[in-house]
Amino acid sequence: MLKIKNLHASVEDKEILRGINLEIKAGEVHAIMGPNGSGKSTLAAIIAGKEEFEITKGAVLLEGEDLEDLAPEERAHKGIFLSFQYPVEIPGVSVTNFIKTAINETRKGRGQEDMPANKMLKLLREKGELLEIDRKFLSRSLNEGFSGGEKKRMEIFQMAMLEPKLAILDETDSGLDIDALRIVANGVNKLRNKDNAIIVITHYQRLLEYIVPDFVHVLHNGKIVKSGGKELALELEEKGYDWLKQETVS
Amino acid sequence: MMDLKEKLVSSFLAFENNVDFEHPIHDIRAEALKNFEAKGFPTKKEEAWKYTSLNALQKKDFSIFPKQESILEYKNVKKYFLHEMDTYKIVFIDGVYSSYLSETTHDGVDICLMSSALTKPMYKQIIEVYFNKVASKDESLTTLNTAFSREGAYIYIPKNKVPKKPIEIVHFSTGNEAALMLQPRNLIIAEENTELQVIERHQSLTENEVFTNSVTEIFAAKNAIVDYYKVQNDSKTSSLIDNTYISQKSDSVVSVHTFSFGGKLTRNNLNFYQNGEHIDSILKGVTIIGEKQHVDHHTLVHHIEPNCESHQDYKGIFGEKATGVFNGKIIVDKIAQKTNAFQKNNNILMSDKATINSKPQLEIFADDVKCSHGCTIGQLDEEALFYLQSRGIPKKEARALLMYAFANNVLASVKIPELKTRINKLIANKLGVRLGFDL
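Protein sequences appear in the order of chains A and B.
Residue numbers are given in our numbering: position 112 of the first sequence equals residue 112, and the series is strictly consecutive.
Residue numbers are given in our numbering: position 192 of the second sequence equals residue 192, and the series is strictly consecutive.
Misleading hints may appear alongside valid ones.
[Said to hold, decoys possible] Computed from the model, here is a short list of chain A residues facing chain B with C-beta under 8 Å: (1) GLY27; (2) LYS50; (3) ALA71; (4) ALA76; (5) HIS77; (6) LEU82; (7) GLY92; (8) VAL93; (9) GLU105; (10) GLN158.
[As the list claims (entries may be wrong)] Away from chain A, derived, C-beta distances all over 12 Å, residues of chain B: (11) GLU69; (12) TYR97; (13) ASN429.
Calculated directly from the structure, the hints in this document are not laboratory data.
Small disclaimer: the values here were computed from a predicted structure and weren't measured.
Just so it is clear, CB atoms sit at the ideal spot from N, CA and C, and this is done for glycine as well.
Working from the sequences, and respecting the hints, build out all of it.
So this is what it looks like as structure tokens:
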């Protein structure tokens with residue numbers, strides 16, 4: 001589904017990604033771990049199309065199509081979803097209205113009609129229950145005055161509503177207490193299926209106890225320095241990142 | 001050709017022939033004319049007019065008294081009224097009262113015409129108590145209006161009365177004159193324990209030039225609640241100078257919302273005087289303009305007595321070559337202890353060529369007060385734009401949604417739901433996109 005080939009990227013002439021290779025197939029969950037500043041969030045933002053990053057070499061392909069010239073919204077229309085580490089507050093636009101706009105603009109981008117109102121309501125109810133979202137939240141302004149955990153839950157709620165092919169969860173576990181983490185992880189697990197793929201970006205192994213990955217990659221200095229199965233996350237938890245840093249230096 | 005000042009001064013004689021010379025207010029008019037004659041139109045040399053020039057207007061050959069009466073069909077102008085609901089209406093066409101389009105009342109409250117109030121004996125006492133009592137006697141444009149004051153809206157709400165519905169004051173100009181100058185004069189008196197809502201609008205129906213110099217005096221007695229909404233969405237050839245003066249007594253709450261979306265040049269001089277305790281004054285504004293439009297908000301809140309509050313919140317979105325001004329003056333007198341005065345002015349510039357001059361002006365003579373002010377000028381938050389785009393919302397719609405969100409909290413205090421919906425739609429329309437949901 002997603003192929004990243006020798007990806008080099010920089011922001012303001014500073015190179016952040018230095019040759020990343022990664023292939024993600026439908027039905028897979030990949031975890032990307034690494035110390036702060038290793039380039040994890042940059043990788044997520046580049047896949048989603050953030051303009052300030054420049055791809056200097058290599059390519060990102062979604063189902064064989066090079067994404068480089070596509071705007072973020074066009075990537076979203078093709079099924080990419082990024083859950084933000086710091087979701088933005090939108091005062092004056094309710095959760096419901098925001099999601100309606102996102103869904104209908106996405107449908108428009110795909111040449112489809114607006115989603116009928118009754119179907120939208122049904123979907124809002126179903127997915128809201130999945131993430132244990134109080135109905136009162138739906139009429140509140142998006143993320144305004146929400147706790148860190150509530151914001152993250154809203155991100156996964158939007159993911160559930162938009163049903164992306166490829167979801168990237170950028171530090172979704174940060175700021176979550178254990179109950180919220182369980183709800184969010186449970187939601188993500190229910191959304192997993194053979195046709196979609198998920199990239200989980202995290203600093204800690206904790207989230208991966210709940211969302212069990214098929215593959216774990218360790219990013220350091222803009223490169224994937226180690227890949228393995230889910231047991232790699234445990235190894236990292238035990239040893240920290242330092243042994244990897246030394247390994248790459250030597 | 002005479003310039004506008006000369007023309008106005010010389011036409012005062014003709015004006016006098018058509019009004020009641022003997023009425024005590026005529027002395028007020030004559031005095032006001034003298035002041036205007038001495039001062040003339042303000043120039044950019046004056047601090048208060050540094051960023052707003054009236055030069056171009058003074059070179060136009062405006063008709064001061066429309067030559068012929070015009071008639072408008074309701075169906076053709078319906079959209080300019082808040083027709084979704086029942087309202088009282090005081091309507092003028094080219095400065096002349098239109099009884100056909102109006103709906104006035106004398107049923108317990110007086111919602112009618114200034115010209116009646118100024119001529120009929122039954123109003124004489126109230127006119128003597130209130131007329132020109134809070135309006136400035138030396139600001140030149142206000143005195144110009146006072147000199148020619150004859151027509152406008154007159155609203156008198158006696159103690160403990162509440163009008164059944166909101167009141168719309170609408171001024172149409174039809175383009176019968178190549179260039180028309182209008183000087184409406186409104187007097188609004190809300191006695192003790194009353195509540196009223198007023199919506200004011202100026203609407204030019206053609207591309208012919210219109211210059212309106214309006215003065216409104218509002219008196220809110222003890223416990224009165226007055227909500228005043230100014231909808232400024234006029235054509236690109238219309239200029240408006242709005243001078244509003246508000247005198248509040250104890251425990252009154254007066255709010256003025258100004259929605260500035262249209263017009264060529266708009267200047268709002270909004271002045272609040274707090275003559276009592278436990279008063280709340282609320283000043284809110286949304287400005288969304290583009291092309292070469294100009295909107296200037298000059299506000300004054302004078303805290304004269306202790307234990308009062310004022311809340312100012314002005315938001316501006318400026319595109320293309322539009323220019324904006326916000327000057328917010330707060331005076332807290334020495335005895336006005338425990339004053340809470342808040343002022344916010346946030347602006348977004350959508351183009352490199354748009355400008356905003358924002359200036360708070362605080363003169364605080366009391367020592368136990370809470371005053372805050374903040375002004376911001378910025379572009380739309382790039383991270384927020386990316387967030388919306390990543391959810392499939394195209395850049396143009398994302399910008400609109402963010403601007404809508406930016407302006408929205410000013411609308412939260414609009415008490416008439418039908419008006420709020422209207423303004424919401426005007427904003428969406430002004431931003432030129434469909435928001436993907438019902439407002």
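Chain B contact restraint for ALA76 (chain A) - C-beta distance below 8 Å: holds (4 Å)
Double-check GLU105 (chain A) for me: the hint is only fine if its C-beta lies closer than 8 Å to a C-beta in chain B. holds (5 Å)
Is the shortest C-beta separation between VAL93 (chain A) and chain B less than 8 Å? Holds. Min distance 5 Å.
Do the numbers back the hint for GLN158 (chain A), that is, is its least Cβ distance to chain B under 8 Å? At about 7 Å, which falls below the 8 Å cut-off, the nearest Cβ of chain B leaves the hint on GLN158 (chain A) intact, so it holds.
Would the hint on GLY27 (chain A) stand, with a C-beta cut-off of 8 Å toward chain B? violated (23 Å)
Reported absence of ASN429 (chain B) from the contact zone with chain A (all CB gaps over 12 Å): holds (17 Å)
Does the interface hint hold: is HIS77 (chain A) within less than 8 Å of chain B, judged Cβ to Cβ? holds (6 Å)
12 Å cut-off, C-beta based - GLU69 (chain B) kept clear of every residue in chain A: Given that every Cβ of chain A is farther than 12 Å from that of GLU69 (chain B), nearest at about 44 Å, it holds.
Is it the case that TYR97 (chain B) keeps its Cβ farther than 12 Å from each residue Cβ in chain A? holds (39 Å)
Hint validity - GLY92 (chain A) Cβ closer than 8 Å to any chain B Cβ: At about 3 Å, which falls below the 8 Å cut-off, the nearest Cβ of chain B leaves the hint on GLY92 (chain A) intact, so it holds.
Taking the closest Cβ pair, is LEU82 (chain A) under 8 Å from chain B? Constraint on LEU82 (chain A) satisfied, holds at 5 Å.
Would the stated hint for ALA71 (chain A) survive a check requiring a Cβ distance to chain B of less than 8 Å? holds (7 Å)
When each numbered hint is compared with the structure, a violation occurs for hint 1 only.
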